[in-house]
Every structure is written in C-alpha cells, then in structure tokens.
Amino acid sequence: MANSHQLKRVDFIFRNDNDWEKILSNTIKKKPQELINELMSSELKGRGGAGFPTGLKWKYTAEEKSDQKYVICNADEGEPGTFKDREILSKVPYKVLTAMAVCGYITGATEGFIYLRGEYKFLEPELNKAINEFEYYCKDIKLDFKINIFMGSGAYICGEETALMESMEGRRGEPRNKPPFPTQKGYLGKPTVINNVETLVHTFTIFKFGAKKFYDLGVQYSRGTKLFSVSGDTPKPGIFELELGMSLQDFVYEFGDGDTKSVQVGGASGFLVPRKSFKDAAIGFKGKLSGISLPTGGSMMLFNSSRSMYNVLDNYLEFFREESCGQCTPCRVGCQQLLLGIKAVKRGEKPASYLDKLIRLTETMQLTAKCGLGQSVANSFSSIVENFREEMIY
Amino acid sequence: MDSIQSLIKDLADEYGRRRESLLPILQGVVERENYLSEYSMIEIAREVDIPASEVYGTATFYSFLETKPTGKYIIRVCKTITCAMKGKTQMMFAIQDMLKIKLGETTPDNRFSLLESNCLGWCHKAPAMLINNEVYTELTPEKVRDILSGYMKQNGQI
Chain Z
1 MANSHQLKRV DFIFRNDNDW EKILSNTIKK KPQELINELM SSELKGRGGA
51 GFPTGLKWKY TAEEKSDQKY VICNADEGEP GTFKDREILS KVPYKVLTAM
101 AVCGYITGAT EGFIYLRGEY KFLEPELNKA INEFEYYCKD IKLDFKINIF
151 MGSGAYICGE ETALMESMEG RRGEPRNKPP FPTQKGYLGK PTVINNVETL
201 VHTFTIFKFG AKKFYDLGVQ YSRGTKLFSV SGDTPKPGIF ELELGMSLQD
251 FVYEFGDGDT KSVQVGGASG FLVPRKSFKD AAIGFKGKLS GISLPTGGSM
301 MLFNSSRSMY NVLDNYLEFF REESCGQCTP CRVGCQQLLL GIKAVKRGEK
351 PASYLDKLIR LTETMQLTAK CGLGQSVANS FSSIVENFRE EMIY
Chain C
1001 MDSIQSLIKD LADEYGRRRE SLLPILQGVV ERENYLSEYS MIEIAREVDI
1051 PASEVYGTAT FYSFLETKPT GKYIIRVCKT ITCAMKGKTQ MMFAIQDMLK
1101 IKLGETTPDN RFSLLESNCL GWCHKAPAML INNEVYTELT PEKVRDILSG
1151 YMKQNGQI
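Chains as they are written, first to last, in this note's numbering: chain Z, 1 to 394; chain C, 1001 to 1158.
I should point out that these hints are in silico values taken from the structure, not numbers from a laboratory. One or more of the hints may lead you astray.
[Unchecked claim] Here are the simulated lysine-lysine pairs, DSS-like style, with alpha carbons at most 25 Å apart: (1) Z:K30 x Z:K65; (2) Z:K91 x C:K1125; (3) C:K1125 x Z:K261; (4) C:K1143 x Z:K236; (5) Z:K146 x Z:K190; (6) C:K1125 x Z:K236.
[Claimed, not checked] A partial selection of chain C residues facing chain Z, derived with a Cβ cut-off under 8 Å: (7) Y1015; (8) S1021; (9) L1022; (10) Q1027; (11) Y1035; (12) Y1056; (13) T1058; (14) S1063; (15) A1084; (16) A1094; (17) N1118; (18) G1121; (19) C1123.
By construction, the Cβ of each residue, glycine as well, lies at the ideal position given by its N, Cα and C atoms.
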C-alpha cells in the first residue's frame, strides 16, 4: 500500500513569489509565435473541465483578423463541489491578470473581462484594487491592456462560454450554437479567448518556468498539475494542487475517511465512481492509461457508506432542473422527467425497469441537448443508477 | 423625476445605454431597491431604449435578480449536495424558528427574506449561506442564531 501511495503534491499555483511584474515585462519581450509554441509544447489543456488545448485556442484567436478582440477570464465557478477559482482570485489575483495581459499581447486583444459569479461578489473590492495596480504597471511598460470585472447574477449555465457571452451582452444566459466558436465570433461578435481562472494561472507558471517544467509533471495526454476541490465525507476538505494522472484509489487513501463508498469526480455533471472501481480509475483526460480516465474541473466529492445515493442523485437532478436554461427541449423537459421518474420509482409507482427507460432518456439528451449541461446529465445519472440500482428502488 | 428614475439614469450614465449595460443596471437597481419592480423594469427599458419585455425576460433569467419584493437582507442558504449532507436542514430550521418565516417568505417588517440557493462554492466549509453579499460558513444552528441576532441588533430589534 505504501508503494501505491503516490499522490504528488505540487506547489505552483499558490506560491506567491510576487514577481509578476518581472514575468510580465520579460514575457512580452518575446515574440507571440514563440510564446504560442511554448504553450503548445506544454500541452496545457483547459482546466474548467472540457480540456481544450489552451495553446491552440490562443493561436486560433491570434490568427483571426479583427479590429477588436477580447480576453475573458471565466470565474463563473458554479459546478457543485468546486471552489478553487475563488481561492485563486483571492490569493494570487496578479497571476490571473498577468496571464490575461500576456494573452492580450499574443492575440492582439486590448480589453479583458473577468466574469465573476454573483455568489463571489465579496471578492470584487479587493480584485478591483489589484486591477488598478496592475493597469498602472501596464501603462508603465507601455502595454495597452485594460481589465474590467463583469458580475454574474446567479446562473450556473453562464459558466458555459457562449452563455457567458450572451449574459455579458445583456441577454438571458442561453448557450449559442457552435460553430462559430468564440475564437472566431465571441463577445460582441469579435474573436475572443475565454479561459478558466485556473488555466490562466497555469499559463503564468509556463511563462515563468518554461514549458518543460510543466510538461514533466503528470502523465501522457494529461500534463501538469491540477487544483482539486475536495469535499464531502473527508477529514481533509480543502484545495489541493496535485499532479494529473493519479489513481482514484490513491486519492481515496489520502482523502477518504476509511469508509468511502463512492467518489463523484467532476461535480454533478461528472461521474460517480463506486468503491469497486477505484483502482481502475485515473484522474486525467481521455486517451491514455488502462481502465477509466476521468476528466474533471477539479471537483472531488467523497461519500461514505452512511449516504444514500438516491438522495445524492435527487439533489443533482433538482440542481439541473433549476439550472437548465430552458432553451432546448431535451434538457428542459429531460431534467424534469428524470427527477419525476426516480421519485416515482422510489415510491413504487413505476417498476424498477423504468430506470432503464430513464437511462435511455439521458442517452437521448446526450445526443440532442445543445450544450454541455444537458449532455452531461447522463454522466452522473447513469453512473449512479447503474452502480447503485438497489438504492434507487428500495 | 422620482427616485427610481434618477437611480436608473445615474446607472445608465455610469454603465452606458447599450444592451451590454443592461445587467449592470439591473444589478444596480437590485442593490438599492432589493428587487426589480415592474415600474423599474419599464423605466430601465425606456432609459436603455429596448422593449420592456426584453428587460423582463433578461431579469427573470437570473436567480439573483429578484422580481418580487424582498427584505433588506436576503438570506440564501446553499442546498446543494455537500451542504445538504452537512446539516443544512437543521440550520434552516434554526433560521425559520428565529425569524418566524418559511422558505420563500419575508418578515413582516421587510427586513429578512429566506431563500435557498444552488452551490455557493463553499463545499469544504459546509454548510454555507449568504446574507446579501456576506458569506457565512461551517454553520451550526447556534452559529446561525448568533449571526442573525447580530443583524437584528443592528436594526434595533430585540
């Protein structure tokens, strides 16, 4: 057991060397192309959950021709079980701002926004102070880049990049069709880079230490480190920076309370892994390792054997039903029917086989919903129902 | 010009009269008036020069933009999974007991409204609640009673 105990703690993100001014002025002396290559060779992927290669995103935006481009920092952290972005913005805001300005330099954007969720409004005064100081320094080094905070107002769906832009444009936060992607037509129809808070901080690490240092951490296809938000039945709740690619078994050794029955990886829109599969599951992006690989925005919720998985699923579905934007039918009606469905099975009004019909409904949602919200309900629904079927029925 | 009209005019002067200015203006009105009345929404529509139905459609999308009268202090108790597991229900009972209101109601003196909210992002310090923009975490019924009596004293109650 000691041997498999291989969680690798790392300390990049919250290490505060207070050298952002130097990093910023040195980085923008390099050519944009050079910096893009650096990012690409680091193989950094988006840390919001979807995992799109960051270098590629910046490259596409840089290649667009436009009089105006934007950089948006997505701080609409709403996935149940994640709270890392709040910690980043309160502890190391300068790293985020620096990364945004460098992104602006590379892509040709002169304006940036931080879309901050309404629940984090208490961060706004401190963040504004940091922005003022930051912009002052930008003027000093003749870098034309300004940053504004845009407050959200309590809508989970606005964490979806195009819904976020709709929201910034003063509309209901309803996702757009893709393509066009934000790199082509984003905020106000202009090419836009939109990155998660944590992704931006990783680019800071890469510009500071070089791509190699980042690439050497993690495993194939899942390079670097990741912040994990650990909560639920654990003696050690909190935020931890760990190397990607760890096995879930090792994670549970470290963070479990000795009676861990299952772990929800990636929040309500992620997957539930039961105890029997801990050893086969690894945390990282798809396409490597044996067994299951689980991408995650960093939400790790542990449940011990005192918890009813029915209650957990009921709670998730209520969440999705309320947070579905209502624009597309599969998600709007699907979320409602799934919740009604499991309640009916629980009460004995529907036979147990009705659960299979509901799983087919989630498969339909996965294929037909417009955005990630409706598509990913299937993840938690089928992984909970398939692994804890008896708890759904009795 | 009444006070709401002049508030909206000030907000529009600050944030602009474009469609992108709508959310900050709506937020500004909620911040001062606690909610968006039909009258405010019609006035905002006039000021920004868009249909009132668009203002209403946008406002009702967001859970933090109240369109019904609420109290001066809006209590939002997190109901998502970890908070639910860590004693949200007991805490809710303590609040209801103390304020003598149920979920979704406002105290008769218009000071407190009690609402539930989806994940507030404090799962590692569950259960959590917001009172307006203030965050309170690792709550117990006792702690909740202390916090609320603090707010009540501030307002000359008790």
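Status of the hints after comparison with the structure:
1. Z:K30 x Z:K65: holds (21 Å)
2. Z:K91 x C:K1125: Answer holds: Z:K91 to C:K1125 is near 17 Å, not above 25 Å.
3. C:K1125 x Z:K261: Given that 25 Å is the threshold and the Cα spacing comes to 21 Å, the pair holds.
4. C:K1143 x Z:K236: This hinted pair holds, its Cα atoms lying about 22 Å apart.
5. Z:K146 x Z:K190: holds (17 Å)
6. C:K1125 x Z:K236: Between C:K1125 and Z:K236 the Cα gap is close to 11 Å, so the pair holds against 25 Å.
7. Y1015: violated (10 Å)
8. S1021: holds (7 Å)
9. L1022: Result: holds, 3 Å to nearest chain Z Cβ.
10. Q1027: At about 6 Å, which falls below the 8 Å cut-off, the nearest Cβ of chain Z leaves the hint on C:Q1027 intact, so it holds.
11. Y1035: Violated, about 13 Å.
12. Y1056: This interface hint is violated because 11 Å lies over the 8 Å limit.
13. T1058: holds (6 Å)
14. S1063: holds (4 Å)
15. A1084: Result: holds, 6 Å to nearest chain Z Cβ.
16. A1094: Result: violated, 21 Å to nearest chain Z Cβ.
17. N1118: Holds, about 6 Å.
18. G1121: holds (4 Å)
19. C1123: holds (4 Å)
This entry does not satisfy hints 7, 11, 12 and 16, going by the numbered hints stated previously.
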